[in-house]
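*Asks:* With the hints as a guide, bring both chains together as one complex.
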Amino acid sequence: MSEAEPAGDTDADNAAGRASGEDDARPWNDRRVGQLLTVAQREFDTVVRTRTYAALAVVFGLVVVALPSLGGLAGYLPLVLDLLTTVEVLVPVLAFGFGTWTVLADAETGELAVIRTYPVERWTYVLGAYLGRAVGLLVAILAPLVVLGVATPVVREPATSVLASHGTVDSPTYFLRFVALTCVYGLVALALAMAVSSLARSRRSGVASVVVALLVVVLGFDLLVVLGVGQGFLGSGTLPLALAASPPAAFRGLVLETAAGGLVETGPPAANAAASVLGLGCWLVAGLAVATLRAWSPVGE
Amino acid sequence: MSDTDPPVTESDGESTATDREGANGEGSAGEEVVVAESLHRSFGDLTVLSDVSFTAESGTVNCFVGPNGSGKTTLLRIVAGLLAPSGGRLDVAGAEGRAVGYLPQNPAFRAQFTLTETLAFYEDLADVEIDPVDVLARVGLDAVADRRVGDLSGGMTRLFGIAQATVGDPPVLVLDEPSSGLDPTMTEHVGTVIRDLAGQGHTVLLATHDLGTVDRVADTVLVLDDGVVQVADSPETLRRETESETLTHAVAQYLVGEAGGLTVRTGTRGDGENGESGEDTEHGVGDDE
Chain A
1 MSEAEPAGDT
11 DADNAAGRAS
21 GEDDARPWND
31 RRVGQLLTVA
41 QREFDTVVRT
51 RTYAALAVVF
61 GLVVVALPSL
71 GGLAGYLPLV
81 LDLLTTVEVL
91 VPVLAFGFGT
101 WTVLADAETG
111 ELAVIRTYPV
121 ERWTYVLGAY
131 LGRAVGLLVA
141 ILAPLVVLGV
151 ATPVVREPAT
161 SVLASHGTVD
171 SPTYFLRFVA
181 LTCVYGLVAL
191 ALAMAVSSLA
201 RSRRSGVASV
211 VVALLVVVLG
221 FDLLVVLGVG
231 QGFLGSGTLP
241 LALAASPPAA
251 FRGLVLETAA
261 GGLVETGPPA
271 ANAAASVLGL
281 GCWLVAGLAV
291 ATLRAWSPVG
301 E
Chain B
1 MSDTDPPVTE
11 SDGESTATDR
21 EGANGEGSAG
31 EEVVVAESLH
41 RSFGDLTVLS
51 DVSFTAESGT
61 VNCFVGPNGS
71 GKTTLLRIVA
81 GLLAPSGGRL
91 DVAGAEGRAV
101 GYLPQNPAFR
111 AQFTLTETLA
121 FYEDLADVEI
131 DPVDVLARVG
141 LDAVADRRVG
151 DLSGGMTRLF
161 GIAQATVGDP
171 PVLVLDEPSS
181 GLDPTMTEHV
191 GTVIRDLAGQ
201 GHTVLLATHD
211 LGTVDRVADT
221 VLVLDDGVVQ
231 VADSPETLRR
241 ETESETLTHA
251 VAQYLVGEAG
261 GLTVRTGTRG
271 DGENGESGED
281 TEHGVGDDE
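Top line first, the protein sequences correspond to chains A and B.
In terms of the working numbering, the first sequence opens at residue 1 and continues consecutively.
In terms of the working numbering, the second sequence opens at residue 1 and continues consecutively.
The set of hints was computed from the structure by calculation and includes no laboratory data.
Since this is a predicted model, take the numbers as computed values, not measurements.
No residue lacks a Cβ here, since even glycine has one placed at the ideal position from N, Cα and C.
Some hints here could point you the wrong way.
Computed beta-carbon distance windows for the label pairs [to be verified]:
| no. | chain 1 | residue 1 | chain 2 | residue 2 | range |
| --- | --- | --- | --- | --- | --- |
| 1 | A | Arg-201 | B | Gly-87 | 18 to 28 Å |
| 2 | A | Thr-85 | B | Asp-45 | 51 to 61 Å |
| 3 | A | Ser-205 | B | Ser-42 | 19 to 29 Å |
| 4 | A | Arg-49 | B | Glu-129 | 49 to 59 Å |
| 5 | B | Gly-150 | A | Val-285 | 29 to 39 Å |
| 6 | B | Ala-143 | A | Ala-289 | 40 to 50 Å |
| 7 | A | Pro-153 | B | Glu-129 | 49 to 59 Å |
| 8 | A | Arg-49 | B | Gly-154 | 15 to 25 Å |
| 9 | A | Ser-69 | B | Gly-150 | 30 to 40 Å |
| 10 | A | Thr-52 | B | Ala-143 | 27 to 37 Å |
| 11 | A | Thr-52 | B | Gly-140 | 46 to 56 Å |
Same shape as in the complex, but just chain B (with noise of 0.2 Å):
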């Protein structure tokens, strides 16, 4: 994935997934599944995307993050089909049956139905077969099947809505804020769950404020942030770009405008030797939108 100014550029990501089969894309490794042009949102008078554009490969994670209000869940309901762009264009490669899997901010379920009785109904929505175990066993939650989902605890709704969004196969998974309120091994095992549905060849695109999970599964990390992608590139890249030491550091460095109150300083790559480093790497801490 990567900004498309110049339109299309390579992520240089590191560990792509391999096995292409899984996922219920027609693509091979390396093909493109989502692309984004020029991706333009407004509500009333205030635009929350003005110009987005990028690529998405497939067996690929990659990682919005920027600050509050930057749009990044409006981005990901545009490529879940439940937001209509104002302006722009997006094409997600087809596929027989459902193309996105989604995973909500704050996913929720009835509370009166186990986890297996829950992905029975999503199974008949898409139309497939499954084995509820082995969905639930993706994420690790195969031992509590019987489970109401009102039992679980909000960690495991999480993985739970990650499971959901793997029901039929879908070659692009958007996951919004999949580690948000996790305990650390919590927010490992999720990081661990991403880099598996990649591996199976799903497209993951995800917006998190967890830049350890991002650094640790980001193939491309795309800083959204003024209505644009400021920069798309592997984590690795964007801190040998900026000479940081830490992804919050060099995610900060391509912010501009203000956000949450604070206003953020205008950088561009190589900002960093100025010495203000450290006092912006707070931004986004919370809910987007």
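Bound conformation, chain A alone (with noise of 0.2 Å):
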């Protein structure tokens, strides 16, 4: 190998002076689907053998399920309301905690220069391991909700005043909607997660970085956005971009437009809904983006 010669693609091609060939240099192959899946495999099975994952789930599903349930469960719009600040803040949580020890425990341990050695490049790795965390997520997310969904038409209270004054019918969808916003929510969530795993060096500044990251997309965003509207930088033209902006806020936003009925139809728009889609789409792909190229400099770079 030299620093003259074209870098292959990966640091194990690099080892052995190889450029890539035209089979490597296709984004996808079998020997790249085959890795990718084998290390969100990993990744799922880590989740599942370790213990402080089934009680963060646990934990997480007993406050989803309790919250709601001490007020009765009277439908389910009504449902999603009493869920929503709730999720909004605990999904995140949730996300930074599964999400967090996937690239920063290999590289704490030492595990990812031995990983590095064989032919696997950093987005497959990276791809791989947001997979797999992204299951165990996502089973730790809908097991509440389901329980709640299949719980809320056995148990049904009288429809709420709320609903009443709104004219609006109750339904599944609107939960449903919600079930599958929260799920894209908590996957954005376990982007950033892994954009911190990648970024931390150690397992001090990764708590350090999880706090910080926490504070910034749960209450930070929405904070500039308060401080915004109160210097009268936003106004109620831009107010909805800049709600779009904040992955919290564009979660709220879409749940209030397109999952709780006809409750905002009386009032202005609560969020735009295609920036909304559009933002944490943005935060998705960042948050793997650099995940992606915080993972491990390649040597031929």
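*Replies:* Written out as structure tokens, the structure reads:
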């Protein structure tokens, strides 16, 4: 291998002084798909076999089930409204709990250096790790929501005045949309957790980074928007776009626009739905991009 | 393997392997598998490797020794493809699949998985088919194939790290401190494993402070100090040239500069005659870099 020679796709290629072949030049081939699934399986198995993740999932599930149940399950729409704030705060916490010790754990133990001696690319490793953790995270998110979704028609109480005053009809469709949006929100938060995992260089800095990232994600953006409105930087035209740039605000806006029936029809739009989807998509891509770029620096670069 | 000033000098290794069929290399016995020319590596203003040249032949064990901070780990990471040299050239003989197997200084694997599962993971990454039990048998761990990695002792984890390094039969094995922290029995076992791997055709490059193991397994000892390979030759030749009874004393004759807070006597071949032997034989106990 010489610095003047073209770099291979992987550090293993570089160690062997190989440039990438035609088959390897394709972003997808059987080997890469196989490696991606292998990494994903390893991450999922790690989640399943680690008590800490089980404990996190149980605590999350208990809180999500208990809070709306305390006030009585009056229907799907009240359930969505009861869960909105809880989920908005707890899903990022759960996602960061599931996603922070991925790249960071391998880097800290030195196993990442071993992995790099195999012909595996950064994006294959990061995307595989993300997929494996995502499956575990989605199971943890969906389990309590499914319990609530099944229990609601069984223990349903009389319709609330909120529903009556807004003339809407309760429907499981709203709840299904809410569940889908919650999963998307969780996946976005997990991508950001992966980025933190790649950026942190030690367990201690990882913990600090998680706390800071959670504060920024859950509170920071909303506070900036409030500040912007207070200072007059944001008006009625720009406010929905600013909210779309904040993951929790984008999630909240999408829930109110699409999963809360006609609740918001009498007032101004809660969010620009397209901008919110774009905002969440950008955060997801940005999180995974940062995680990939920072996982390691290829020797050839 | 030899220092390359002059460029290539033949090693007089006395126990090179005869079976070259095992490793995934293309080379036959004695073929140069690793060639390094004037490797240079700096970290900011700190130059760790200034001009390192050597070659390593197939089926040989090549041991880098030197004081802490002499650049052994840096050099091995460059050979393993984990670090780019700041300058110079490194050629590792091409092979289908994985070219270099690597044992880090402190090997660690996910504790939740069994040895078999962990090897299966690396098997898939290497895109090869292996029998995990066979791979574990190479290092004597086949009896605990279904044990969780987290339940292994430090020595067994290190042996497992060596087994992992052989997945895909890479022609070159880079082992960083393979016997660090092991008891004498385990150290001897690791030495036997390393010799066996060389016997199967692997070219082994290892860094260690354990000169007892070096004396037992090395075809070539490369004394790395002050950013260059001070000397490269067989243990027997080094002892003979320095008129030393032990390899520890022989190696000390080639150390220059300061290391670990101790001033090392500058020496050339034959300096051991001046009666200063022994005081600098403790160099290099501990981690590198």
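*Asks:* Against this structure, judge whether each hint is valid.
*Replies:* Going down the list of hints, with the structure as the test:
Separation of Arg-201 of chain A from Gly-87 of chain B is about 27 Å and conforms to the stated range, judged on CB atoms against 18 to 28 Å. Between Thr-85 of chain A and Asp-45 of chain B the CB atoms are about 53 Å apart, so this pair conforms to the stated range of 51 to 61 Å. Here the CB-CB span from Ser-205 of chain A to Ser-42 of chain B is close to 25 Å, well matched to the stated 19 to 29 Å. At roughly 25 Å, the beta carbons of Arg-49 of chain A and Glu-129 of chain B sit outside the given window of 49 to 59 Å.
Remark: the range hint 29 to 39 Å for Gly-150 of chain B to Val-285 of chain A is upheld by a beta-carbon distance near 35 Å. For the pair Ala-143 of chain B and Ala-289 of chain A, the beta carbons lie near 45 Å from each other, so the given range of 40 to 50 Å is met. Our hint of 49 to 59 Å for Pro-153 of chain A and Glu-129 of chain B holds, since their Cβ atoms are close to 52 Å apart. Distance hint check: the CB atoms of Arg-49 of chain A and Gly-154 of chain B are about 22 Å apart, consistent with the given range 15 to 25 Å.
For Ser-69 of chain A and Gly-150 of chain B, the Cβ-Cβ distance of about 38 Å falls inside the hinted range of 30 to 40 Å, so the restraint holds. Distance hint check for Thr-52 of chain A and Ala-143 of chain B: the Cβ-Cβ separation is about 31 Å, which falls inside the suggested range of 27 to 37 Å. One distance hint, 46 to 56 Å for the beta-carbon pair Thr-52 of chain A and Gly-140 of chain B, is violated here, with the actual separation near 33 Å.
In the structure shown, a violation is registered for the earlier hints numbered 4, 11, in ascending order.
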